[in-house]
Amino acid sequence: MINPAAYFDVLSLGERISRAIKSFSRQEAHLLGYAACLLSLYEGKPVADWGYEFVATGHGLPFSEEMSTSIDIALNLQYVRAEGTLLTVTEDGLTEISNLRELEANRERDRYLEGAADCLLVFNPGSVREAFSYDSTISFLRSGNRTEWLLTAPIVERLYINFEQLRRALTYEPRDLSVPMVSWLKYLIQSGRNVPYDHTEN
Amino acid sequence: MTILKIDQDRLHALVMSEPLVVAGKCYGDPGSARLKGILRFIKRCARHATVHEKSDIRVFSLMSDDSGIDSLRSQHATAFQFGVTARGSIESLVVEVREDDSAFVWHSVPPELTKIIEAGIVYRLVQKVESFGVKGTTVPVPKVVEDTVSQFWLNYFVDLREALTAYKDSMARTSKCHLVREAWADKNRLWFVTKPEYRLRKALANYLYAFLRHDEIDLREEQNVDDSHPVDIKVVWRMENRTAIIEVKWIGKSIDIKTRKITANYSDARARKGARQLAQYLEGHKQQASKEDTRGHLVVFDCRRKGLKPSATGVDTKKGLHFQSREIKFNPKFHKTRGDFDEPIRMFMEPVCLT
Chain A
11 MINPAAYFDV
21 LSLGERISRA
31 IKSFSRQEAH
41 LLGYAACLLS
51 LYEGKPVADW
61 GYEFVATGHG
71 LPFSEEMSTS
81 IDIALNLQYV
91 RAEGTLLTVT
101 EDGLTEISNL
111 RELEANRERD
121 RYLEGAADCL
131 LVFNPGSVRE
141 AFSYDSTISF
151 LRSGNRTEWL
161 LTAPIVERLY
171 INFEQLRRAL
181 TYEPRDLSVP
191 MVSWLKYLIQ
201 SGRNVPYDHT
211 EN
Chain B
562 MTILKIDQDR
572 LHALVMSEPL
582 VVAGKCYGDP
592 GSARLKGILR
602 FIKRCARHAT
612 VHEKSDIRVF
622 SLMSDDSGID
632 SLRSQHATAF
642 QFGVTARGSI
652 ESLVVEVRED
662 DSAFVWHSVP
672 PELTKIIEAG
682 IVYRLVQKVE
692 SFGVKGTTVP
702 VPKVVEDTVS
712 QFWLNYFVDL
722 REALTAYKDS
732 MARTSKCHLV
742 REAWADKNRL
752 WFVTKPEYRL
762 RKALANYLYA
772 FLRHDEIDLR
782 EEQNVDDSHP
792 VDIKVVWRME
802 NRTAIIEVKW
812 IGKSIDIKTR
822 KITANYSDAR
832 ARKGARQLAQ
842 YLEGHKQQAS
852 KEDTRGHLVV
862 FDCRRKGLKP
872 SATGVDTKKG
882 LHFQSREIKF
892 NPKFHKTRGD
902 FDEPIRMFME
912 PVCLT
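So the sequences go chain by chain: A and B.
Quick note: the first sequence uses my numbering, first residue 11, plus one each step.
Quick note: the second sequence uses my numbering, first residue 562, plus one each step.
Heads up, a few of these hints could be off.
What the hints assert, rightly or not - Rough simulated footprint, nothing fancy, chain A against chain B, three-plus residues with beta-carbon under 8 Å:
#1 568-574
#2 579-588
#3 685-699
#4 738-748
#5 810-822
Claimed, not checked - No farther apart than 20 Å at their CA atoms in a straight line, the calculated lysine to any residue pairs in the SDA-like style are these:
#6 B:Lys-566 <-> A:Ile-165
#7 A:Lys-32 <-> B:Ala-607
#8 A:Lys-32 <-> B:Gly-644
#9 B:Lys-566 <-> A:Thr-162
#10 B:Lys-566 <-> A:Arg-168
#11 B:Lys-795 <-> A:Tyr-182
#12 A:Lys-32 <-> B:Arg-608
#13 A:Lys-55 <-> A:Thr-162
#14 A:Lys-55 <-> A:Tyr-182
#15 A:Lys-32 <-> B:Lys-795
#16 B:Lys-566 <-> A:Ile-171
What the hints assert, rightly or not - A few chain B residues facing chain A, derived, Cβ under 8 Å:
#17 Ala-594
#18 Val-645
#19 His-775
#20 Ile-778
#21 Asp-779
Calculated from the structure, these hints are not laboratory results.
Cβ coordinates follow ideal geometry from the N, Cα and C atoms, glycine included.
Isolated chain A (complex conformation) (with noise of 0.2 Å):
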């Protein structure tokens, strides 16, 4: 069955990743998907409005049934079509997400899909998934090579924490949600890379 909030976030993200990089991966969709509900969790949203969930696989991925699901109806219908080894939206497919974009019950939900996806004009594809992979609950997961929930509820309750404390180094509220995005991401790469931190002295 159809999940509408995960079907608007493929075309929603397939559309803008296209737009950043040419072409999207399902691989980029979920883990973009999974950032752009983090960015409602910044925000302060419960985790339960989001709409559908999302495990942790065995490889270190974030990964949602319904935007699987989501995809492979986006691949019937012809509003995302194979071009070469990646997908694309297709001329319908703009159509269709520029419709779904007028929902009012979409707008704000673009928002965290917009923050998500112009973290790659500042990474490619490869530094987001390794960001996330140094993510404390999927590295966990991945070295026991299992597949659980994500966000469970003591989970959500430490990234709120986690989400005030990068507000506050913000000390500003940017309607871009891409500025809390990015530098959240830098903050994975660099501490799970144990760069040192002040990065003007290496």
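Assemble the complex: chain A is given as a structure, and chain B must be docked to it using the hints.
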């Protein structure tokens, strides 16, 4: 379960030096929007053009309204056409990105404009160093993808062999990557350190991880085909039920630089042994996963120098590059006899030649 504990000092320092944040703090949301406009321009331009170590690039957004600019623009700039104005390798480029994301290439920058540019947001790439200037404050761009000329002008590969060839030409040949540099025992790149395998493999895996784009790809180091035969890198294309196994070998000499004792001396026979091992791995893998399309790639890092004695500290061009174009003769030629064995890639690593 471990939960991320924030290092507040690190987070604070990082946020303070993030160009998007600096632009946002300085100009509010329009500041970060204009900086993203610059990044969007770069990403789009990078589809048709590349940068190199000597590229000198400035991309700016003016943050003040000045009616005089229009007149200067009409005299010194023309509309930027993607795929036309800048194609191939860029030597020098000055581009203005306006609020509506339209771009203009400036053929010369009049002195009266320089101050106005500096007061806005400017991206610079000079001698592999990238920075943003925001209202006169320079914010350096740290290298997330290490050893690349730029963090933003990146090209991706969808084909593994293309990625391996690019790695050979752009990284391995001149040892650009810091991990590969650490594999050398001396600054003239005559000898590897003892057991350089980890660094060579890690460097290659990092590169593939950053630059290989494909639907549903997974890349891991040191996977086991069976208990006794580890392979170095495994790439899995899950949607296509396709797997690549990359076996990494090196040939040449390693040395304990303090004692000047040669710790390993591998000739091209080692590459042939690697080919045989890989063929065995592939056969083993075929037994376990007969329906999986598995392909083997042998990568040979070649640091051979002619007539190198343990006391040597330098080498001339003739001896240093003696093996540069001498391909390894494989026998048997598994890449000819096996459909799942790709042609081996030898990555000759140039020394610093003294004469």
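Evaluated hints:
Under a criterion of three residues with beta carbons nearer than 8 Å to beta carbons of chain A, the stated coverage of the stretch 568-574 of chain B is upheld, 7 such residues being counted. Figure legend: the stretch 579-588 of chain B, annotated as covered by chain A; annotation consistent (5 residues with Cβ-Cβ distances under 8 Å, at least 3 required). Restraint check on the stretch 685-699 of chain B versus chain A: 0 residues with Cβ-Cβ distances below 8 Å, three needed, restraint violated. Chain A is given as covering the stretch 738-748 of chain B, and this is violated because 0 residues of the stretch bring a CB closer than 8 Å to a CB of that chain, at least three being needed.
For the stretch 810-822 of chain B, the assignment as covered by chain A is violated, since 0 residues bring a beta-carbon within under 8 Å of that chain's beta-carbons and 3 are needed. Restraint check: the Cα-Cα separation between Lys-566 (chain B) and Ile-165 (chain A) comes to about 12 Å, which is no more than 20 Å; the hinted pair holds. With a C-alpha separation of about 11 Å, the suggested pair Lys-32 (chain A) and Ala-607 (chain B) falls inside the 20 Å cut-off, and the hint holds. Taking the CA atoms of Lys-32 (chain A) and Gly-644 (chain B), the gap is near 14 Å; set against the 20 Å cutoff, the hint holds.
A hinted pair counts as satisfied when its Cα atoms are at most 20 Å apart, and Lys-566 (chain B) with Thr-162 (chain A) qualifies at roughly 17 Å. Between Lys-566 (chain B) and Arg-168 (chain A) the alpha-carbon distance is near 9 Å, which keeps this suggested pair within the 20 Å criterion. Simply put, Lys-795 (chain B) and Tyr-182 (chain A) have alpha-carbon atoms about 44 Å apart, too far for the 20 Å limit, and the pair is violated. Between Lys-32 (chain A) and Arg-608 (chain B) the CA atoms are separated by roughly 9 Å; this keeps the pair inside 20 Å, and the hint holds.
Of the supplied pair hints, the one linking Lys-55 (chain A) and Thr-162 (chain A) holds, its CA atoms being roughly 14 Å apart against a limit of 20 Å. Our distance criterion of 20 Å between C-alpha atoms is met by Lys-55 (chain A) and Tyr-182 (chain A), whose separation comes to about 19 Å. Annotation: proposed proximity of Lys-32 (chain A) to Lys-795 (chain B) is violated, straight-line Cα distance about 26 Å (limit 20 Å). For a cut-off of 20 Å, the pair hint linking Lys-566 (chain B) to Ile-171 (chain A) stands: about 10 Å separates their Cα positions.
The interface hint given for Ala-594 (chain B) is met, as the beta carbon of that residue sits about 7 Å from the closest beta carbon of chain A, less than 8 Å. Because the closest C-beta pair between Val-645 (chain B) and chain A is about 18 Å apart, greater than 8 Å, the hint is violated. At about 5 Å, the closest approach between the beta carbon of His-775 (chain B) and any beta carbon in chain A falls short of 8 Å, and the interface hint on this residue holds. At its closest, the beta carbon of Ile-778 (chain B) sits 7 Å from a beta carbon of chain A; the interface hint therefore holds under the 8 Å criterion.
With a cut of 8 Å, the hint placing Asp-779 (chain B) at the interface with chain A holds, because the nearest CB-to-CB distance is about 5 Å.
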